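Line by line, the protein sequences give chains A and B. Take 16 as the starting number for the first sequence in the working numbering and just add one per residue. Take 89 as the starting number for the second sequence in the working numbering and just add one per residue.
Simulated from the structure, these hints should not be mistaken for laboratory data. Just so it is clear, the structure is predicted and the values come from calculations on it, not from any experiment. Check each hint, because a few of them may be wrong.
Here are the in silico distance ranges between beta carbons for each label pair [said to hold, decoys possible]:
#1 151(A) to 157(B): 17 to 25 Å
#2 96(B) to 410(A): 42 to 50 Å
#3 226(A) to 122(B): 22 to 30 Å
#4 201(B) to 544(A): 38 to 46 Å
#5 486(A) to 164(B): 39 to 47 Å
#6 201(B) to 388(A): 31 to 39 Å
#7 420(A) to 108(B): 24 to 32 Å
#8 66(A) to 122(B): 53 to 61 Å
#9 108(B) to 154(A): 36 to 44 Å
#10 108(B) to 151(A): 52 to 60 Å
#11 195(B) to 225(A): 25 to 33 Å
#12 164(B) to 226(A): 26 to 34 Å
#13 512(A) to 164(B): 39 to 47 Å
Beta carbons: idealized from backbone N, C-alpha and C, even for Gly.
Here is how the chains run, residue by residue.
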Amino acid sequence: MNPNLVRVLDGNVFVLSDDNGDIEATRINPVGFFDFDTRFLSVWRLTLNGERLSKLSTAERDHLHLRFFLVPGAPTHYVDAKSSLIRERTINGGVFEERLTVFNHHHAPEDFTVRLDVGSDFAPILGVAADRTPPGRLYHRREERGLCLGYQRERFQRETVVTSSEPVRVDERGLTWTVRLASKEAWTVKLRVRSLVLRPDGVDVRARLERRPRARLHERQDDLAGWLSRAPQLSCDWEALTDVYRRSLVDLAALRYSPLTLPDQVMPAAGLPWAATITGRDSILTSFMALPVASELASATVRMLGIDQGAVLDDFRDEEPGKILREFRYGEMVAFEERPQSPYYGSADATPLYVILLDEYEQWSGDVDLVREFEDETRAALHWIDEYGDLLGDGYVRYLRRNEHSGVANQGWKDSPEAICYADGRLPGPPLATCELQGYAYDAKLRGARMAREFWGDPAYADRLEGEAAALRERFNRDFWIADRGYYALALDGDGRQVDALASNMGHLLWSGIVPADRAAQVAAHLVGPRLFSGWGIRTLATGQERYNPLGYHVGAVWPFDNALITWGLRRYGFAEEAGRIAEAIVDVSGYFHGRLPEAFAGYPRELTEYPVRYPTANNPQAMATAAPFLLLRALLGLETVGEHLLMAPRVPARFGRVELLDVPGRWGRRDVIGSGLAHADH
Amino acid sequence: MVSDPIEAFFAQLARQAPGRLLRRTAGTIRFELEGTDGLDVWHLTIDNGRIGVDRRARQADTVIRTRRDFFLRMCRGEAKPLTAWLRNDITAEGHFRFVVLLERLFPAPPAARHPRALTGEPG
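Next up, chain A with everything else stripped away, as it sits in the complex (with noise of 0.2 Å):
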């Protein structure tokens, strides 16, 4: 994927094109104009008087809008340009927005051709890397200003109108200006594109659903300043944490949408382009590293994962009651039933994550009455650990698909067919019980414990939940531990033997508190060790390990969201300087990106590259990555909830000199939060 795409967003709605502005799809370049997981626009080219664009500089600031400005020809070829162009884009009330201004900088009066190529190939968001050819019909039909262009099969169809605001001359492939302009004279067009999702009889299916309408730019604007302003106050001697904040504050607000089943609420999309969609993992874990700064996304999270919670066994979802979902997809392979996101389930660590979303929300927020509200839903989720969790009854959970054919096969977070695997490279047979769902389950019990005797009235069930979680605890210390090697195993396979590859897998161990203390020293010491920390950041597996690759996704880039919780768990068992290190590395990184913490970087030794390598096909923003730094700060500030109370107790390396988090929200209302880098230097 090409790094210099560029963006307007708006939620599960976005434009991605390269930086002049075009859009050219192909497959490898997942490029075009997206909502309700559909390309409505796959091609968006333009050209003055015959000749392609190029950009001069492009202006993107905060998803709003972009800028390009542009000169026709090649930038090698370019001197004194006798005209230019200007492209400004936004979304507006859901409907893709452009308008360009052609400017005649020539001493004469001038023709002017400008031609805009548009086309659609209706690629459903989960086709638009595999070779495919659409089952239904294509259509266009030429309209007084504008062009429509159709898909239908069976009752399903989409339309994509485009319309000008200027008398325009209108093929099956586009649109044709004709222009006169005098001296130094500038002509603008303004052009809309809607995405229709419609009925047999015409009606847009979301027109007679209850849910206000898509915000104007106008109040995506005043949105975005309120949400600037409620937001905690950051100044830090390190500008590149502040400029990281500033960044993801931004980045996630851009990805904050309404989903229809929700539409008074707002919850992250995943992320661009491959997963602006409701989510299990991805929003609850976003949700849990922002709570610090806008604790309204896991309140929304809870709900929106609850109303689709799985109520009942399906094997082509990978459906079990009480397990939370781990995506959803409007588009037509879904429809069609050639994939299961209608929701498909197939991920083991969204339900024990949901209850730990919800325990620690009421702990930031004290909003109680969402724990009263979703005790079935909890109780649910908690009973799926071990009624459908626990696939050997062994006590551990784990994953096997039932959808072998769409399914996935790795239900965790490193969800590649070769994720988990032995120190030798080898495929450990299934069904796979990772360390980390052990963790999170472990962390759900005490969590659920807590609420059913705080919250719910039921302090046997309490009791029974601890003692669960004891056993696990014990078990999980027995089983999984190399005592040899002084780390956890990275999972149990289906046999129940180790499997023995160093992975970071196990840092979460330590956010879930599974770990006993006189362990946490050899697990800290190997996390930030030099075969799992690159200098940049906690690599997903080893170097050593037969299949570390410094590109692979999940066995050898690093992650920023894993590096978060990892950072966290290593504050709470009290290795300050480890975590410090850590989140020093993560925010040193978004330097390298303009602020921006890609989802993954390469694994790469920081000696060898002097510089964070981009994951080639990434999710950009990524919410995980952009919500990492949230809980980076909250590690460093030492953050804790007790009671009524927020506990700091900052310890903040040398390096960030002094760190003021101001007015952060919770149940205590506003708290001020310094911390300095001096007064806690480690070395």
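Here the structure of chain A is known, so what remains is to put chain B in place on it, guided by the hints.
Relative to the frame of chain A, chain B by itself:
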């Protein structure tokens, strides 16, 4: 004895709501079923774990419209409401969350397995 399968489906809902319906779910759904001889209307009132069924055309939180023959497929667990909505085999107006709720009213897919059925453990 009820012989029409659609009447039987609604009668069963009224007799005993599915256990997977949460007690605090509350709302109304109107089904409009298109047949060769006109439109059949069923109105559900869901409250406190119970479902009231009548045939009056009243205001509802969500209105679901489909053909009788397609509705029968949902009654048998052969078609899933959410994907049916995505394909326009059913249309919905009003509150979308009741479309999601339909998943808890209609039967599960036939022959689905407990995950332990694959591992040989007792389910």
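| said: Tell me the hint numbers this structure goes against, listed in increasing order. | reply: 10
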